[in-house]
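**Q** This is what each chain is made of:
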Amino acid sequence: MNISAIDAPLAPDDVRSLITQASDALLAPGGLDLESLDQALGHALGPGIDFAELFFQRSWRETWALEDGEVKDAGFHIDGGVGVRSLCGEKTGFAYSNQITAQALAKTGHTASSIARDGGRAVQVEARASVFEPRYAAIDPFAGLEAAEKVALLKEADRIARACDPAVSQVSVSLGAVYDIVMVRASDGTLAADVRPLVRFNVSVIAARGGRRERGSAGGGGRFSISELRDRNVAERYAREAVRQALVNLEAVDAPAGELPVVLAGGWPGVLLHEAVGHGLEGDFNRKGSSAFSGRIGERVAAPGVTVVDDGTLAGLRGSLSVDDEGTPSACTPLIEDGRLTGYMQDKLNARLMGMSPTGNGRRESYAHLPMPRMTNTYMLAGQHRPEEIIESVERGLYAVSFSGGQVDITSGKFVFAASEAYLIENGRITAPVKGATLIGSGPEAMGRISMIGDDMMLDEGIGVCGKEGQSVPVGVGQPTLKLDAITVGGTQV
Amino acid sequence: MDQDRVCERVPDESAFQENFMSEAFDAKQQQRTLEARVALAVEHAKAKGASACEVGASASQGLEVSVRLGEIDTMELSRDQGIGVTVYFGTRKGSASTSDDSEPSVREAVERACAIAQFTGEDPAAGLADPDRLATEFPDLDLYHPWALSPDEAIALASRCERAGLEVAGIDNSEGASVSSHEGVSVYGNSLGFLQGQRGTRHGFSCVLIARDQVGMQRDYDYSSAREAGQLRDPEEVGRSAAQRALRRLGGRKLATGRYPVLFVPELASGLVGHLLQGIAGGALYRQSSFLCDALGETLFPEWFSLFERPREMRGSASANFDSEGVATRDNRFIDSGRLASYLLSSYSARRLGMSSTGNAGGARNLRISAPLESFEALLAKMSRGVVVTELMGQGVNTVTGDYSRGAAGFWVENGAIQYPVEGFTIAGDLRRMFASLVGIGDDVDRRGNVHSGSWLLEEMMVAG
Chain A
900 MNISAIDAPL APDDVRSLIT QASDALLAPG GLDLESLDQA LGHALGPGID
950 FAELFFQRSW RETWALEDGE VKDAGFHIDG GVGVRSLCGE KTGFAYSNQI
1000 TAQALAKTGH TASSIARDGG RAVQVEARAS VFEPRYAAID PFAGLEAAEK
1050 VALLKEADRI ARACDPAVSQ VSVSLGAVYD IVMVRASDGT LAADVRPLVR
1100 FNVSVIAARG GRRERGSAGG GGRFSISELR DRNVAERYAR EAVRQALVNL
1150 EAVDAPAGEL PVVLAGGWPG VLLHEAVGHG LEGDFNRKGS SAFSGRIGER
1200 VAAPGVTVVD DGTLAGLRGS LSVDDEGTPS ACTPLIEDGR LTGYMQDKLN
1250 ARLMGMSPTG NGRRESYAHL PMPRMTNTYM LAGQHRPEEI IESVERGLYA
1300 VSFSGGQVDI TSGKFVFAAS EAYLIENGRI TAPVKGATLI GSGPEAMGRI
1350 SMIGDDMMLD EGIGVCGKEG QSVPVGVGQP TLKLDAITVG GTQV
Chain B
2 MDQDRVCERV PDESAFQENF MSEAFDAKQQ QRTLEARVAL AVEHAKAKGA
52 SACEVGASAS QGLEVSVRLG EIDTMELSRD QGIGVTVYFG TRKGSASTSD
102 DSEPSVREAV ERACAIAQFT GEDPAAGLAD PDRLATEFPD LDLYHPWALS
152 PDEAIALASR CERAGLEVAG IDNSEGASVS SHEGVSVYGN SLGFLQGQRG
202 TRHGFSCVLI ARDQVGMQRD YDYSSAREAG QLRDPEEVGR SAAQRALRRL
252 GGRKLATGRY PVLFVPELAS GLVGHLLQGI AGGALYRQSS FLCDALGETL
302 FPEWFSLFER PREMRGSASA NFDSEGVATR DNRFIDSGRL ASYLLSSYSA
352 RRLGMSSTGN AGGARNLRIS APLESFEALL AKMSRGVVVT ELMGQGVNTV
402 TGDYSRGAAG FWVENGAIQY PVEGFTIAGD LRRMFASLVG IGDDVDRRGN
452 VHSGSWLLEE MMVAG
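Protein chains in written order, with my numbering: chain A, 900 to 1393; chain B, 2 to 466.
If you're looking for bench data, these hints aren't it; they were derived computationally from the structure.
All of these numbers come straight from a predicted model, not from anything done at the bench.
Don't be surprised by glycine CBs; every beta carbon is placed ideally from N, CA and C.
Hints may contain errors.
As the list claims (entries may be wrong) - With a straight-line Cα cutoff of 30 Å, these simulated BS3-like cross-link-like pairs (lysine-lysine) come out:
no. : chain 1 : residue 1 : chain 2 : residue 2
1   : B       : 47        : B       : 29
2   : B       : 29        : A       : 1006
3   : B       : 49        : A       : 1054
4   : A       : 1367      : A       : 1006
5   : B       : 255       : A       : 1367
Stated by the list, open to error - Label-pair restraints from in silico Cβ distances:
no. : chain 1 : residue 1 : chain 2 : residue 2 : range
6   : B       : 72        : A       : 1022      : 19 to 29 Å
7   : B       : 120       : A       : 1130      : 13 to 23 Å
8   : A       : 1188      : B       : 151       : 25 to 35 Å
9   : A       : 1198      : B       : 30        : 57 to 67 Å
10  : B       : 30        : A       : 1196      : 53 to 63 Å
11  : A       : 928       : B       : 434       : 52 to 62 Å
Okay, chain B solo, but in the shape it has when bound (with noise of 0.2 Å):
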């Protein structure tokens, strides 16, 4: 033991202040550091012989500070950097990554890369993006808003979030509240001489209560994310949130089996979207993996509903002027009164299916529906009978097959109007059957993710209770 030497070193008190400060993440100087590195990476690889290579990399940086029953919790300076190198040799494709950005390790990389790849199979597809593809305008779409959140202040605010929840009478214990801030900068360069970056920033706060009564405990949470601090809800309010949507699943019921109309609330709403976006996604279709293969131009939702991606969209929480691959972003129209209009594509993709990239290497961003919208009140009247859904469990969803079965939580729902909370049941049916059945859509539309929904009310699924 050598405690003198421990001694010796008088911290300072505010330690994490200095020193997340005096590390401030310097966004542009990152952005310059990492293009150099994939500039390095693509020229070091035509110089170990390969045909083409493409290189992503990125760095962030993030504070996150919890705090459980008025007390800090955890504080966590986050720093993350990853670059990932693909080299071709003619059809033939190696990849390496590292989280180390240094010159030296840039290399090794590279130099993996091009070793594993002599020992990869011919693929005709491979390849980089079609050069004319590729973005060539790059407008600022205000994606990067640092907030200069210092450890106290994201102490105050988590505090005051979980406060505010823990009086609401009936909440008896918590998970704690949480506020982060993470800014981070991307690159993609490939050997055709594209080099981009882009800089963001997100941040946000979350809170999980607990309440109890005589029968069980019940948990729920609410958060709030966006690009801009300004932009975030009233902390208390949001832990207000978390403490009713707690309380009002206490004393949940079971539900008789039977079939019934289910309304997803808009959280939920989202995944469907999602399960739709899984299924006309390149590789599932080239795969003959999708239960949506060669459903293109085919009728899946009511005439009146419509999905599109915005991937330019200022501010927009997944907004790009380019895909992974430097292909050019566009407002792609999936669905289209009704129809499946587009599929979802990467150049390789693409080329799998003989078709030509739709700007989607990486997924789709910024989605928006196009339907009529109708008030939550108004989709509980035309459900009459049925259930509200509040929460899914579980992999259930099979988008080979379109099977889907999850484990379920929600309201009960008769003569229009919530009656009580239910759990501990399943809800079943088939994908398309689900699109399909889609009767109305609210006007109650989350924004905080990738797919901006209201709830989405279907016509009849089977309940198992």
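If we strip away everything but chain A, and leave its shape as in the complex, we get (with noise of 0.2 Å):
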């Protein structure tokens, strides 16, 4: 094995060992090495085309599910294989194999290379292992915990979800744990790999009482393993706020239709800026002018004093990334600074074509799917004002405290979030809470109507999926505390 390659004075032990772990998971079972994936990279590097690029990944992925109080399904699922890609301008050749085998990757190299068929080709650069810093530890998160411990672990959940409350009717409790291993090796001399944990636990109940059913759920993970998780005494902390947000739906009343103020809490309500801003700020749709937010660079995008990032460095956390799917290093991009639109998010491709630099935000579901600029943490900074003061300063309006989820329309701007827990606020008071609502506004004016910002800053439990495209991904939001002086909530009540 040539390792001349990840020897570069600049690779530090952690990113050579991160390349060794993933040779021996991805290459050694099929008979390849890091010195063969040179001639692979020529079979993707056909005339015309500019960048070649393959991806290796193997995922062991294991689910325990209860219900009526007894682990009623478990599974265990692998899978894996090589994604190539071959790029030539703004065309992109790709076909992917499950087999990771000298011959899976002539075959694929030539279909994805055969998207261009003359032309100068790129020149193969030799491989430089890209340097970055671990975010996570490069762990199987499912060792560490006996099958016994984790059965005990949900069957704990249950247990006080039921003791909570008599309301309560049924709980479910899920537990999973993803080991991811990836690397990626591009003609551009790209040389990376990634072991990446990832675990989620999640209680859901139901509480019945007078003839109304309600759901409640919470849950959490990162990129941690299954005993940190059990340490971080999720069962408890699950169950109870599962039990607290159904028993708090039993009570709820007709939510308000039409144009009120709305406060947000801190934490997961940023799936607020996660549609309202993210989408809309990634690369490809402003390279193709789709993005109400298209060439807008520099000018004012929402009121002074928000400023919004996406950060994939945050230690351990369910969006964070130590590099991404492309072997760039993931980073703290800087979105909106004070209301002016400063940055987008960046792959590869895009980057490129729009003559700016990656981001760490070239992310794919799997080796079977191109990779595409997404977000991974996406938050707006603190600001200065208590939360107590920020609903103390509304007359009317509405306190939304948890949401199932958003969805945007990144051309017209258009966006919506769907509160799952919300309360009245009456002369500057908490009060009613209301059945669950949809918000709607548009990104541009909606960050411009952000009048108080709250010095409470907080990031979600690690539960966010964002889907594009056809693709998922695993992502992070948050924010402190904040006021929208108008946005249109989709009650029932006049």
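Starting from the two chains in their separate frames, assemble the complex, guided by the hints.
**A** Set out below in structure tokens:
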């Protein structure tokens, strides 16, 4: 094996050990090594191809599900393969295989590179290990907890939830963990590997009282081990939180309809930022001119004081990456600074075509999907106001604490997010809980109506999944408590 | 760097074409391979001591080409496979899956499933379908129509589709047009001796265009999808339609908050049927997490409305002789003259509810509506003043309570005619009340998906602008 490529003086030990770990898991079983990737890249680098890339992956996923007090299903899932991409200007050729062998690399390489048929080809650069700082431990997240202990963890959450209140009639608990090993080698010299643990614990309850039935759910996780998840006391915390939410919703009255001031709690309500500005600032939409934010760098797109970043570097978070799926180290990218648009999130293709630099946002669902610019952890920095003071400033409005998700049309800028726990604010005080309602606004307009920003910046618990063009990736969001002077609330009462 | 070696290879002029052709998907051969793997898995599970086992396997291949502003954007060859194993040790269950269908991987998956089953709890309802419910007849449902589509032809079709749209005045940008062709095989087998496969194809094209005026941009799309390429719409017509759909959204105004009649266009009306099906799905019912718990026999819709499935329809988009656990599919009637006549049950959920399977493991197939149909114009006249909804956004549907609140865009109707586009509003209500307030169904039936429906006119919803 030619290790000179990764003996570069800059490559720290942990980066080198990641490459060795990935090479053993991904290449060795099919009789390949790092050196053989040069030849494999050659297949994908036909005439007219200016960039070629191999992305190797193997994932092991374990799931446990409890219902009616018993673990009724548990599963183990293995997926893996190689995705080969050849670029020619704006054109992309792509093929993949679930076999990681020399033969499969030749076949998929020829297929991908046939996107172009003539012209000069890129010079293949010798491998240089990407240098980055690991943002999580390169571990198998299943290790450290026996099967019986996982069962016990699920049962503990069930027991606690049922003991919380007699109204609790159903409890579902799930535990999932993914052990993901990836490696990317590209014709521009890129060589990077990453080992990505991801765990998730979730409790969902149904509470029934007086002919009404409501659901409450809570969960979280991140890039760490199942044993750490247990040590964070997730069974008790999420069981209590799910029950609390269901009980609140049992009391909920009809939500108001129309334009109202809305106070959003800190943390997960940051889904506002993900929808209202995040997607619109992804490089692909801006290169194509299809985003409501296209061509607006430097312009005011939010109220003064609003600063939003996308930050993949936060240790152990669900949306974090040590290095993205194209081998670019993750970064903290300012998107909006003091209300002005300052940056886009980029992958390699869109950065090159727009004359910008990649920002560590090149992500893909798996080897069987093409990378594109995606968010990591998107959040707003804290402001000056105390949360109580923000609520006190509202005469009649809505206080939204939790959301089931959102969606955006990046071209018109219209976005929605659906509140799943919300309260009326009357004369500066939080009063009755209201039923779930969708909030709808236009990105730049809503961001311009942020009038108060709290000093309580919080990140979510690690539950976000972002879908774009059929690809799902884990993400995070966060924000301080903040006030929108007016947004349309989709309740049923005038 | 090793440039010499890279230059040695003199690639073929039409390498993609050749590779694609040389790897042509042999569905019959694939089916035989998958059947052998499924049989192997079932045998291996028995050898490992499992009292029962069931296995699903699938393989598919596809070509998808997209063109943007007249240039090739992406060309993608996909080939997917997977095998999923569920084993039972008495009433304990374990499962495993792998994307590698080689014999050693299949054996490994079985062993993983067996290992994990040692830690799950007893579940008296767990197990295979009842033997007497398994399908025994397998007529050809005419689902397999491969399309010998070369990449060059796909590029030409996508270009024609997009060009026709870009030629429409006012269309200023494109997210591209794409053409795709997929074929696949799926096989299900279990330790009761059931082993059956099914082949199918799906082809289509789609186009997304952007219109612009002084105020902003609007994007919309259209698509065509069919099991046989010959049944696809004319690509130019799809491109022009996407253009018209984007253009008509320009100049969207706000709405005044109030209660109005709401008309759901066909592609959104099928979503309302989807919410009904979620509500009567066995899994939601036995978990007591449906707005339709214990509603069997109740009148949910007007008496002129019935909803049924035709799972064995020839060329149907969701046709199948058996469901995802081998149970014979049958013509279920879910809503009969307005009344909830049947739930949607698998063997497991049926056992949990003390009922029997309706052959709906994996969902309902080819849903059809029986109702007196009216023209779209007649529905607008009936509405007189209200909102036509052409787009819905977000997840604001709570199927535990039936509470419904979603973002929307569409058109304002006054005096029975469309006046202007509206956007940035929400529509809200309660699913049960929405179903009961259905006052008319259009003859503008959308036949592209699993649910064939025309427009739905609801008497009144809360609209917030």
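**Q** Indicate, hint by hint, whether the structure satisfies it.
**A** Structure-based check of all given hints:
1. 47/B - 29/B: The hint holds at about 27 Å.
2. 29/B - 1006/A: holds (22 Å)
3. 49/B - 1054/A: holds (28 Å)
4. 1367/A - 1006/A: holds (28 Å)
5. 255/B - 1367/A: The hint holds at about 28 Å.
6. 72/B - 1022/A: 19 to 29 Å: holds (24 Å)
7. 120/B - 1130/A: 13 to 23 Å: holds (21 Å)
8. 1188/A - 151/B: 25 to 35 Å: Between residue 1188/A and residue 151/B, where Cβ atoms are some 31 Å apart, the hint holds.
9. 1198/A - 30/B: 57 to 67 Å: holds (58 Å)
10. 30/B - 1196/A: 53 to 63 Å: Once the Cβ atoms are compared, 54 Å apart, the range 53 to 63 Å for residue 1196/A and residue 30/B holds.
11. 928/A - 434/B: 52 to 62 Å: For residue 434/B against residue 928/A, whose Cβ atoms are near 58 Å apart, the range 52 to 62 Å holds.
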